[in-house]
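Protein chains in written order, with my numbering: chain A, 1 to 239; chain B, 1001 to 1355.
Treat the hints as calculated values from the structure; they're not laboratory data. As the structure is a computational prediction, the values presented were derived from the model and not from experiment. Glycine is no exception: its CB is placed at the ideal position from the N, C-alpha and C atoms. It is possible that some hints are incorrect.
[What the hints assert, rightly or not] Derived contacts from chain B toward chain A, CB cut-off under 7 Å, selection only:
#1 1218
#2 1219
#3 1229
#4 1236
#5 1239
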Amino acid sequence: MTDILRVQGLRKAFGGVVVANGIDFSLSAGDMHCLIGPNGAGKSSFFRLLLGEHAPDAGTITFDGNDITNLRSFQRIRRGISVKFQVPGIFKALSVRQNLEVAFQDHLNGQSLGTKIHEMLDFTDLHAEETTPAGNLSHGQQQWLEIAMAVGVEPKLLLLDEPTAGMSPDETRKTGDMLHDLNARGITILAVEHDMAFVEQIARRVTVLHFGSIFVEGTIAEIIDHPGVQEIYLGTADV
Amino acid sequence: MISSETTPRSLLARLEGPQTMGRGPVFWTAAAIAIAVAAAYPLMADAWTVGNAAYFLIWTFMAMGLGVVWGYAGALSFGQTAFFGLAGYAYGVITLNLGAAYGLTLVALILAVAIGGLFALVIGYFMFYGRIQGVFVGIVTLSVTLVLETFMAQTAGPQWRIGEARLNGFNGMSGMPPLTLPWFGDDIALYPGPSLYYLLLGLVVICYLGLRIMLNSSFGNVLVAIRENPHRVGMLGYDVRLYQTLAFAIGGAFAALSGALYTAWGQYITPSSMGLTSAALPIIWVAVGGRRDITATLIGTIVVLAGFQSLTIYGSQYALVVMGALLLVTVLAAPQGLVVGAMTFLGRIFRKDKS
């Protein structure tokens, strides 16, 4: 399978703090991949580098065959990357429908815009809240609304930063089902996640980041059994 | 092919929408009655009073423009008077050089608005592409207007002239012609009175309806989204800087329209029109009415201006203190604006009656 994302030698430091230390990473088209690691491993910084919010000190990012290292964030989004943040990045004073309109109107208009909004309200089960200000939704609903905003434009790659943060177990399971549905439609998914049950539910491959470097990559079973991963999460027992 | 976005029918449909309060037959009937009363006003008042009312209408353009920049796009500009003053001076310089024949004052008006709008576009470009945000937009714009005021105040010497037009330093320019309409036989000069009033009333209605259409369009949607969460808008693939710059230029062009009309109305313009007091007043009009709705901004501006002028009769400093107090009361008691509060209240009553 071809790589949709290829990162080579990505490096970024803030003063003496190295958040990306020569990361080499690739993601196959159609994959569902999770990025895990202890706090401070550089997961969020890696996302920010992918999104163009930080400029790398060295390295290249190739997306869908094109070098996007020097593109601005909105230009990367226009190339087919979409993102959902940990804290719901919605427009709280606008209604659910307006949120979806803003997300899709650049690509669609007229009837096709209405159809897409209807489809996404179905997808997120938010029909009853269509005219509700988004700020009045429950936390889980806000997360789903943002996922709908991120995927309605049919991106090639969806980046998710802790998509289930603050969700109930039911909401978490439903989110996992949503992501499987999206992946079945051809969207490649890369998620930063702490909840290992959720990682087991969605990830085909898992990459562990540690101190800004790739520590290990494999299937969820390989990662769970890896002694080094247990060590970096739990520390070494001092007997 | 004309997309459904831009057909006349779809444009008219955008007169109503989520970005503007007021919809349905009740609202539009009330709007039609308000316009009819405004149109009948010159029949009931003397020419001096009508000229005064025209003066109130002149400022509404600047207020509506600030509403777009601040209320909708979320960037508080403290220096709309820079574009107001620049266009005012531009109208004076152009008309003093070209004269008033053949409708050239209208050309001067258009050029002055274009100059003010272009200046706003340039300032907006450097601000928003330079990543200036939040309170710093207010600081930069206030600095721009104060720099312009200071510069114009020192242009007293005879060397400060552009063609026939002397800039005249702190005393300002005067003697420029009013707006004139070319007419068979003789041009019609629009001195403060019913004719100018009707022209301005027509312009206010056109600009108000045009802004409603713009704000309910996809462009308006993005502006409001930027106000709410600019980071997310960028992550939806929009160039936030471009939208902010365009909104700022539109707001600047509206301020410029006020400036050029003000100069044509009073046939003078002084540097104090770009000073601190002048810069603060539009913020009070817009905040008191309600910055997040163009109708509230329009109504609030006219009411506050009328009140301000009534108070000015008793002393201008006293009126300014009342304006400051009004701003404080609004911010503390009704941060969305007094007119927005009243409209929301009326909306609830009508909905209750229906149910």
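Hint-by-hint comparison with the structure:
1. This hint holds: residue 1218 (chain B) has a C-beta 4 Å from the nearest C-beta of chain A, less than the 7 Å allowed.
2. With a cut of 7 Å, the hint placing residue 1219 (chain B) at the interface with chain A is violated, because the nearest CB-to-CB distance is about 10 Å.
3. The closest approach between the C-beta of residue 1229 (chain B) and any C-beta of chain A is roughly 6 Å, which is under the 7 Å cut-off, so the hint is satisfied.
4. Taken as an interface hint, residue 1236 (chain B) checks out: its beta carbon lies about 5 Å from the nearest beta carbon of chain A, inside 7 Å.
5. Below 7 Å, beta-carbon pairs count as interface contacts, and residue 1239 (chain B) has one with chain A at about 5 Å; its hint therefore holds.
Of the numbered hints given earlier, the model fails hint 2 alone.
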